[in-house]
Structure formats: C-alpha cells, structure tokens
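Taken in sequence, the protein lines are chains A and B.
Here the first sequence is numbered in my numbering, starting from 27 and rising by one per residue.
Here the second sequence is numbered in my numbering, starting from 27 and rising by one per residue.
No lab work stands behind these hints, which were simulated from the structure alone.
Where hints are given, some of them may not hold.
[Claimed, not checked] Straight-line C-alpha distance at most 20 Å; calculated EDC-like pairs for lysine to aspartate or glutamate:
{"#": "1", "chain 1": "A", "residue 1": "Lys185", "chain 2": "A", "residue 2": "Glu174"}
{"#": "2", "chain 1": "B", "residue 1": "Lys95", "chain 2": "B", "residue 2": "Glu112"}
{"#": "3", "chain 1": "B", "residue 1": "Lys185", "chain 2": "B", "residue 2": "Asp173"}
{"#": "4", "chain 1": "B", "residue 1": "Lys85", "chain 2": "B", "residue 2": "Glu121"}
{"#": "5", "chain 1": "B", "residue 1": "Lys95", "chain 2": "A", "residue 2": "Glu174"}
{"#": "6", "chain 1": "A", "residue 1": "Lys95", "chain 2": "B", "residue 2": "Glu67"}
There are 2 protein chains.
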Amino acid sequence: MGLMAETTSASAPHLTDQRLVKGARSRASIARHAADVASVEGLNGVSIGRLATDLGISKSGIATLFGSKEALQLAAVHAARDVFVEQIITPSLREPRGVTRLRALVDRWFDHITEPAFPGGCFRSAALIEFDSRPGPVRDALAADHDEWLTFLATEIRKAQGLGELPSGDADALAFELDAVVSAANLARQLGADAKVATARSIADRLLGRSEG
Amino acid sequence: MGLMAETTSASAPHLTDQRLVKGARSRASIARHAADVASVEGLNGVSIGRLATDLGISKSGIATLFGSKEALQLAAVHAARDVFVEQIITPSLREPRGVTRLRALVDRWFDHITEPAFPGGCFRSAALIEFDSRPGPVRDALAADHDEWLTFLATEIRKAQGLGELPSGDADALAFELDAVVSAANLARQLGADAKVATARSIADRLLGRSEG
Numbered sequence: 027m028g029l030m031a032e033t034t035s036a037s038a039p040h041l042t043d044q045r046l047v048k049g050a051r052s053r054a055s056i057a058r059h060a061a062d063v064a065s066v067e068g069l070n071g072v073s074i075g076r077l078a079t080d081l082g083i084s085k086s087g088i089a090t091l092f093g094s095k096e097a098l099q100l101a102a103v104h105a106a107r108d109v110f111v112e113q114i115i116t117p118s119l120r121e122p123r124g125v126t127r128l129r130a131l132v133d134r135w136f137d138h139i140t141e142p143a144f145p146g147g148c149f150r151s152a153a154l155i156e157f158d159s160r161p162g163p164v165r166d167a168l169a170a171d172h173d174e175w176l177t178f179l180a181t182e183i184r185k186a187q188g189l190g191e192l193p194s195g196d197a198d199a200l201a202f203e204l205d206a207v208v209s210a211a212n213l214a215r216q217l218g219a220d221a222k223v224a225t226a227r228s229i230a231d232r233l234l235g236r237s238e239g
Numbered sequence: 027m028g029l030m031a032e033t034t035s036a037s038a039p040h041l042t043d044q045r046l047v048k049g050a051r052s053r054a055s056i057a058r059h060a061a062d063v064a065s066v067e068g069l070n071g072v073s074i075g076r077l078a079t080d081l082g083i084s085k086s087g088i089a090t091l092f093g094s095k096e097a098l099q100l101a102a103v104h105a106a107r108d109v110f111v112e113q114i115i116t117p118s119l120r121e122p123r124g125v126t127r128l129r130a131l132v133d134r135w136f137d138h139i140t141e142p143a144f145p146g147g148c149f150r151s152a153a154l155i156e157f158d159s160r161p162g163p164v165r166d167a168l169a170a171d172h173d174e175w176l177t178f179l180a181t182e183i184r185k186a187q188g189l190g191e192l193p194s195g196d197a198d199a200l201a202f203e204l205d206a207v208v209s210a211a212n213l214a215r216q217l218g219a220d221a222k223v224a225t226a227r228s229i230a231d232r233l234l235g236r237s238e239g
C-alpha cells in the first residue's frame, strides 16, 4: 500500500494529464462526427448509440465522455461553431476592417456552402430550423450562436459605414438580409440548384456595394 | 345468391361512394394532422404509429389509407401545399395584377408566419431544410412545391415590371430574395425574435418599391 501510494503520487498526475488529453481529443472528434451526422440527418439523429456504431466505440465510452444525448447535441453545436469560426471568421479578421473584410467574410461564407465542411451543408442553418419549435438548452445554444454571428456581422457593417465605404443605414437589417440570402443559397445548393447560389452571390455583392457582373 | 347479387348491384355503388367520401375525408384530416406534427417535430417524426396514437385511430386503419410512412409524408406535403394555396395564393389572385397583387401575396405570406397555420411555423421552410440532404420522393415533392411557388412569384413580378410598377431586372432573383427574407423571418419568429419579423417586412417593402416607414 505504501509503494502503491508512492507510485500513485509520483506518476498519477502525468497519467491523468495523458488521460485528460486523450479524453479531450476523443471528445472533440466524437463531437465533430456528431456535427457531421446532424448536418445530414438532423441533430435529433445524433444519439449515443448511433455515434458508438459509427465510430466503433462502446456506448458506455461515449456515455462517460458526454453523459446524455442532449450533452452530445450541445457538443455538436459547439464543434460546428468552432469550424465556422476557424474557416470563416479567423482568416477574414486578417483583412483590413471595412468592406474588404466584410467581402472576405461573405466570400468565405459562400465557400462554406459550395464546398461544405459538413456533408449535409451548413450545420447552423439546418439545426436552427430543426430546433426552432423545441424549447430547451439545444435551441438556446443554437439561437445564441446565431445571434452572436449576426451581431459580429452588424459590427463589421458599422465599421464599413463609419469608413464611408457603405451607405449609412440599419446595420442589423443588412446583417439579417445577408444571412437570409446565404441561408437560402445553402438550401438551394443542397437541393442541387447551383444556379441559385450564383444568384445569391450577386445579391450579396449588390448589398455590399460591389458592382454586379 | 341471386338476391345478394341484386342487393349488391342496387346499393353497392351508393355505399361505395359514401365510403370513398368518408375515406377521402379521413385521409385529408390525417394528412393535415401529419403536416402539423411535421411543422414541430420534422417530417421524420411523422409515422403511422405516431398518427394512430394522436388521432385515436388504429394503425391498420391509417396503413390502409396511406400504405407507408413515405406515402403519409407525401400526403403531409400536399396537405401543407393546399393550405398555402388557399390562404395565400387564392385570395391574392382577386387583387389586380401588378404590385398590388404582389404586395397582397407578400403581406399574406408574412401573416402566414406571424399567425401560423401550423404549430411549428412555415411547413415548407422546415421540411425543405430537413430533407435537403435526403434524396427521394419526399425531397422531390418538396423541391417541386418550392420551385412552383418561386416560379409563380417571378411571374407576378414580371407582370408588375411589364406594367412599369417595378424596375426591370432579374425577376427570378427578386423572387429568390423575397423567399430568403420571408424564410429568415419565419425562423426568427419561431425563435421568439419578433423584432426581426418587422425588419424582414421593411426589407420586403423596399424590394417591392413600397416606401419604408
């Protein structure tokens, strides 16, 4: 017992760290797969059993990491948000503020739809509609993520207006309209109507003061 | 056997008619309930078992009328389409062609969102996103219904352009943009963000050349 206690006190922190790192890595990759499944079959198709079968992991392993179907769905929402931030927001922030950055954001947003990071297209778009009539933590997380994006977009629009690069006007309304058009493009693309994505791009160009054609 | 044959030939057509009428009526009310369920829980939540429980009908009764879950989902799509035609298109066609009719259509479309005919908001919007990654007859029916609506809207826009009441331009793109904005308003309303519905209405007014405010 003395030896065991010594061994434990000497090596356990290291082992625990490794386990934590490994656990976090598994957690992240399970959450990412959950987001993929949700983009095609809906967040309601995400269950501990389904993920266990897909990934060849035991149900109890996934249950240990997430606890419940709802926690798994929330993890999928956060994983999808991370992908969106990494692919669209972070690289665009390298551009100078104003319409240059706004156009970079919108271009990447369209790329996110035409070459989707998720097999079923835009995760947010699909999940929001799926959960809009189901009050609870998942709907709250999706609505907060959506609001955060619209607020960010409106802030960038205000910067462009402040620089005189866009006409003054309701920045929140313009953010809403851009989001509406890109979401409709996502739906069109998922339905195979690629010509409508081009239509949506020229509407967005017009809204951002870029000459058409 | 002679008498039975006679009785049958005399009264069966009448009985059969009654049965057909009764069957059609049950079919319509079951399909309508299926559309209600789909608007909240998704079309995938529509099953023969679920409908039997909700309506207090035997599963075999529903199975006799519809045959399969997919046929039931298709019937829900058609029932929702009938509601949309009845509430939005038919009354607007009484208005004179041109912007008057277009505005009547868009006003009724917004009313359909703020006082939804379906408990979960716009049926089409929710079902399209749910099925956009699931090829098959249900997705085809939803996409055809959506295309038909956009084509109708573009035709009415062209009439208004022909009358000089709207500036000339891509009528299909304007129909796409209106549909995007109204769909985004539906989502906002379902998430309790009613202020965004007002935003969407003024965007639609601007698109239809109606002065804002």
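Holds or violated: A:Lys95 with B:Glu67, Cα cutoff 20 Å? 17 Å, holds
Holds or violated: B:Lys95 to B:Glu112, with C-alpha atoms at most 20 Å apart: Between B:Lys95 and B:Glu112 the Cα gap is close to 26 Å, so the pair fails against 20 Å, i.e. violated.
Given the hinted pair B:Lys85 and B:Glu121, is their alpha-carbon gap at most 20 Å? The given pair, whose Cα atoms are some 45 Å apart, is violated under the 20 Å limit.
Is B:Lys95 close enough to A:Glu174, meaning Cα to Cα at most 20 Å? 39 Å, violated
Hinted pair B:Lys185 and B:Asp173, Cα distance within 20 Å: Roughly 18 Å separates the two Cα atoms, so the pair holds.
Is the hinted pair A:Lys185 and A:Glu174 satisfied, with a Cα-Cα distance of at most 20 Å? 17 Å, holds
The structure fails to meet hints 2, 4 and 5 from the earlier list, while all remaining hints are met.
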